[in-house]
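**Student:** Sequence:
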Amino acid sequence: MTADLRRIRAVAASLRGIRERVDTHPDDTLWNTSPFDNAVGLLDGAIENADFSAHMLECEELPATDYLVHLDGLIAFLEVYEKEGETSASLLRFPGRKG
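Residue numbers (the working numbering): 1 to 99.
Careful: at least some of the hints might be erroneous.
What the hints assert, rightly or not - Distance ranges between label pairs, derived from CB positions:
no.	residue 1	residue 2	range
1	ASP28	THR2	33 to 39 Å
2	ASP51	THR29	28 to 34 Å
3	GLY73	GLY45	19 to 25 Å
4	CYS59	GLY17	19 to 25 Å
5	THR2	ALA54	20 to 26 Å
6	VAL80	GLU60	26 to 32 Å
7	GLU60	ASP27	15 to 21 Å
8	GLU60	ARG6	27 to 33 Å
Because the hints were derived from the structure by calculation, they are not lab data. Built from N, CA and C at the ideal position, the CB exists for glycine as well.
Starting from the given sequences, assemble the full structure and let the hints guide the process.
**Tutor:** Here is the structure:
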């Protein structure tokens, strides 16, 4: 397993932990987004040609429902790399944009 794949798995696990905490505390209306942004920052360079800076929330707090949307989206994206990354090293490359 490559170091990049280990990093992707660690970030995905971190995001799952954040998601679980948000999910198990429904009474908390606003959530600090800095743990999400910190996790996203760790992805820098893990997937070739992928720019995760656009995924930074860059706001201090979000309502739980909005936060869960961001968490679920990035977790789902990373799960593809987690599951397939061991069988195909080329999966750790994100196709560049043309144009």
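**Student:** It remains to establish, for every hint, whether it holds in the given structure.
**Tutor:** Structure-based check of all given hints:
A C-beta distance of roughly 37 Å is found between ASP28 and THR2, which places it inside the suggested range of 33 to 39 Å. Look at ASP51 against THR29: about 31 Å separates their beta carbons, and that is inside 28 to 34 Å. Checked against the hint of 19 to 25 Å, the pair GLY73 and GLY45 passes, with Cβ atoms roughly 21 Å apart. A beta carbon spacing of about 20 Å between CYS59 and GLY17 agrees with the range 19 to 25 Å that was offered as a hint.
The hint said 20 to 26 Å for the Cβ distance between THR2 and ALA54, and at roughly 24 Å that hint holds. Against the hinted window of 26 to 32 Å, the Cβ-Cβ separation of VAL80 and GLU60 comes to about 30 Å, which satisfies the hint. For GLU60 paired with ASP27, a C-beta distance near 19 Å keeps the hint of 15 to 21 Å intact. Taking the beta carbon of each, GLU60 and ARG6 are about 30 Å apart, inside 27 to 33 Å as hinted.
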